[in-house]
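> With the hints as extra help, turn the sequences into a complete structure.
Just so you know, the sequences run in chain order W and F. First residue of the first sequence: 1, per my numbering; consecutive thereafter. First residue of the second sequence: 81, per my numbering; consecutive thereafter.
Source of the hints: derived by calculation from the structure; they are not laboratory data. Just so it is clear, CB atoms sit at the ideal spot from N, CA and C, and this is done for glycine as well. Each hint should be verified, as a subset may be incorrect.
Looking from chain W toward chain F, a few residues come up when the C-beta cut is under 8 Å (computed) [what the hints assert, rightly or not]: (1) Asn34; (2) Met50; (3) Gly54; (4) Asp61; (5) Gln64.
Label pairs and their in silico Cβ distance ranges [as the list claims (entries may be wrong)]: (6) Ser17/W x Asp314/F: 51 to 61 Å; (7) Gly25/W x Val482/F: 29 to 39 Å; (8) Gly25/W x Leu619/F: 28 to 38 Å; (9) Ile612/F x Arg62/W: 19 to 29 Å; (10) Leu294/F x Arg62/W: 21 to 31 Å; (11) His199/F x Gly25/W: 57 to 67 Å; (12) Arg13/W x Glu184/F: 40 to 50 Å; (13) Arg620/F x Gly25/W: 32 to 42 Å; (14) Arg268/F x Arg13/W: 44 to 54 Å; (15) Arg62/W x Thr285/F: 18 to 28 Å.
What follows is each chain in one-letter form.
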Amino acid sequence: MNEGNLISLTRMRAGQSGIVARIQGGFGLVDRLNALGIMPGKRITKISSMIARGPVTIEVDRAQVAIGFGMANRIIVELD
Amino acid sequence: MRKILLVGNPNVGKSVIFSRLTGVRTTVSNYPGTTISYTRGFLKLGEEKVEVIDVPGTYTLEATTEAERIALRMLETGDIVINVANATNLERSLYLTLQLLEREVPVVVALNLWDDTKHRGIHVDLERLREFLGVPVIPTVAVTGEGIKELVENIPKATSPGIPTRSRDERWAAIGTIIDQVQRVDHRHHTWLEHLQDASVKPLTGGIIAIAVLISAFLVIRFIGESLIAYVLDPLFNELWAPVILGLSNLMGGSGFLHDVMVGKIAGGAVDFVESFGLLSSGLYVPFAMVLPYIISFYLVLGLLEDVGYLPRLAVLMDTMMHWLGLHGYAIIPTLLGLGCNVPAVLATRILESKRERFIASTLISIAVPCAALQAMIFGLVGRRGGQYVVIVYATLFVAWVILGTILHHAVKGFSPELLIEIPPYRLPPWRIVVQKMWMRIYGFLAEAIPIILGAIVVINIVYSLGLFDAVANLTAPVITGLLGLPKEAVISLVIGFLRKDVALGMLAPLALSAKQLVVASVVLAMFFPCIATFVVLLRELGLVNMFKSAGVMISAALITGAILNLIL
Chain W
1 MNEGNLISLT
11 RMRAGQSGIV
21 ARIQGGFGLV
31 DRLNALGIMP
41 GKRITKISSM
51 IARGPVTIEV
61 DRAQVAIGFG
71 MANRIIVELD
Chain F
81 MRKILLVGNP
91 NVGKSVIFSR
101 LTGVRTTVSN
111 YPGTTISYTR
121 GFLKLGEEKV
131 EVIDVPGTYT
141 LEATTEAERI
151 ALRMLETGDI
161 VINVANATNL
171 ERSLYLTLQL
181 LEREVPVVVA
191 LNLWDDTKHR
201 GIHVDLERLR
211 EFLGVPVIPT
221 VAVTGEGIKE
231 LVENIPKATS
241 PGIPTRSRDE
251 RWAAIGTIID
261 QVQRVDHRHH
271 TWLEHLQDAS
281 VKPLTGGIIA
291 IAVLISAFLV
301 IRFIGESLIA
311 YVLDPLFNEL
321 WAPVILGLSN
331 LMGGSGFLHD
341 VMVGKIAGGA
351 VDFVESFGLL
361 SSGLYVPFAM
371 VLPYIISFYL
381 VLGLLEDVGY
391 LPRLAVLMDT
401 MMHWLGLHGY
411 AIIPTLLGLG
421 CNVPAVLATR
431 ILESKRERFI
441 ASTLISIAVP
451 CAALQAMIFG
461 LVGRRGGQYV
471 VIVYATLFVA
481 WVILGTILHH
491 AVKGFSPELL
501 IEIPPYRLPP
511 WRIVVQKMWM
521 RIYGFLAEAI
531 PIILGAIVVI
541 NIVYSLGLFD
551 AVANLTAPVI
561 TGLLGLPKEA
571 VISLVIGFLR
581 KDVALGMLAP
591 LALSAKQLVV
601 ASVVLAMFFP
611 CIATFVVLLR
621 ELGLVNMFKS
631 AGVMISAALI
641 TGAILNLIL
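Written out as C-alpha cells, the structure is:
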C-alpha cells in the first residue's frame, strides 16, 4: 500500500524514519505491538529488513525490535 | 511466610536482582526469555524471613507465551511486588507498572540499568516519577550491586496506590504524560557497538557476521576442548591414574565380576579407558576426560554469545529458514541450548507462543540436536577414523532436522506465529558473570550425569555377566543387522542410550565397527530416543499423547535415516 506519504513498514527503506499511522490488525496484534512500544503516533526508524520476506528490524524508543514480515506489513507509517 | 515477586519486562535484569537479594544463583543472559520458570530464594527483612520469587519476564498482564502465563499465575500468589523496570526504556516498562498499580498488591519499583542512562544521554527525574506513581522508585545497577541495599530498605514501604482500572488507551495516554514530565533524552552519535548492532541485522553484513561468529564459536570450542584433553586430562589419566588402576586390578586378582565392575576388562597389561567399562576406568574417563572438556568449552562460548546479546540477532537472520520448519527465528535459541543439553532446551521452548511450535521444536531438538556429551563422544570415537566421518554425522543430522521440520510443518495442524522480539543492546559482559554461569552449568552436568553414568556401567556389567544381551540381540537382529548393517550386539548400545548417550556410544568402541557402521550407529543413537532426563521433561512439557506422537516420529526417523545411510555409504 502506498498513499501519499503513507507506506507499510515492509516497503520503507532501511534508514528511513516516520510516525506510525495505524496498525491494520485485530486486538491480539495491536496488543502485542503496543507492548513493545509500537503504536500510532510513535516515531520509528527502520534499520533493516531480511531478504525473502524476512523480519524487519526497527528502532523505537531507543530500543530495537524485530518484527516478522506479515506483521510488519500491517504497520502503516507516515514518512517524514 | 510472605512472598515477594520480582516482576518486569523481559531482559531487564530481574534474575540478577534476585541473585543479589537471595544469594541464590540463577542463569542470567542478555536476551528476553532466559527465565522460563520461577526460582525461589529467601531474604531477611529485619527479623522477618520472606520468600523471594524470580518470575519470567512479561510486557503486559495479558499473556502470549507459556513463560508469560507462568508469570501471571505467580502474580496471584504474591504479597509484595518488586517491579523491575528498565531505566533506559521507561516508555515500555511503565505499561506493566501501571497494570500492577491497578491491582491491590503493594509495589516498589526498581529502576534497573540505571548506569546505562548516563552514557546513553537519558535523564530521569526520580522525584517526579515517584509523585506520578505513588510508590517508592529506587535506581539500581544489579550487575554491580548498586542500589540493592536501598531497594531492600524500601520493601517495607511498598504501597498500593489504588489506581482505578483503566483501558489500554488510557494507560498509554498516562504514560505519555509521565514521560513528557520525567524524561529528557540528549541527542548523541552512534557508538561503535551500536554500529555493530545495526550491521548484525542487515542481510549482507549480518550474514557475514553470523558465519564468522558461528565458525569462530566452533573453532574455539574445539580448540579449548581438545587442548584440555591433550594437555591436561589425558596425561592425568594415563600417567597418574592408569598405574593406580593396574595396581588395583592386581590386588583384586585380575578378573571376576567385582573386578570387572570396578576396574573393567584389562587386556595386555594396559588400561584402555574407553573400552574397559569399569567404574573406576571408563566410569571416570568418559565423563571427566572425554565429555567434561567439551562441556566447559561449549558453555563458555555459549555463555559469551548469550551475554553479549548476539542470539536474538541470529534469530532475526534465521527467521525465514525457521519458518520452513513451522517455527520462527526465536526457536533458534532453544535449538542452540540443545547442543549443550536437551533438557534446558526443551524447557526453553516455553518462549515460543503456541503448543504447535513447542511440539515441533521439542521433537526436532530431541531428534536432530545432539547434546554436548554425545557430540564429545562423536568427536572422540568417530573423529579417530577421520574428520570426514564426523562431517557426515553432522550433515545427516542437519538434513534430518530440515526434512523432518518441513514434514511436521505440513503435518501438524495450525499455523506458525511470527517473530516479534525486542533485540537487546550489545553488552560487554563482566567476566564474573560469564564464569559464574559456566560453573553453574558444569556443576549441573557433573551432579546429574556422573551418577547416571556410573549406574549405567554397573547395569552394563550385570547384564553382560548374566548373558541377557544375547536374547535381546537375537530378537532385534533383523532390524539392527538387516536394516542398519550393524552387529547385533549394537542393540545394547541403543538400549543404554536411554540412560546416557555418551556411555552408549562408548559401548560401541569394543565392537570393532567399520567407520561406516560407526557413522550409522552415531546417527541412529542421536535420533532414536531421548535420554531419560530429556524424556521426563518432554513428558511433562508435551503431555502423554504428544510425547507418544513425538516418540513415534523419533523412532521412525532414526530407523529410516539409519537404513538410508547404510544403503548409500
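> If a hint holds in the structure, say so; if it doesn't, say that too.
Here is what the structure says about each hint:
1. Asn34: holds (7 Å)
2. Met50: holds (6 Å)
3. Gly54: This hint holds: Gly54/W lies near chain F, its Cβ roughly 5 Å from the closest one there, short of 8 Å.
4. Asp61: holds (5 Å)
5. Gln64: Nearest chain F Cβ about 4 Å off; hint holds.
6. Ser17/W x Asp314/F: 51 to 61 Å: holds (59 Å)
7. Gly25/W x Val482/F: 29 to 39 Å: At 31 Å between Cβs, range holds.
8. Gly25/W x Leu619/F: 28 to 38 Å: holds (37 Å)
9. Ile612/F x Arg62/W: 19 to 29 Å: 47 Å Cβ-Cβ, so the 19 to 29 Å window is violated.
10. Leu294/F x Arg62/W: 21 to 31 Å: Holds, since Leu294/F and Arg62/W (Cβ atoms, about 29 Å apart) stay within the stated range.
11. His199/F x Gly25/W: 57 to 67 Å: Once the Cβ atoms are compared, 37 Å apart, the range 57 to 67 Å for Gly25/W and His199/F is violated.
12. Arg13/W x Glu184/F: 40 to 50 Å: holds (49 Å)
13. Arg620/F x Gly25/W: 32 to 42 Å: Given a distance of about 34 Å, which is inside 32 to 42 Å, the answer is holds.
14. Arg268/F x Arg13/W: 44 to 54 Å: violated (24 Å)
15. Arg62/W x Thr285/F: 18 to 28 Å: Holds, at about 22 Å.
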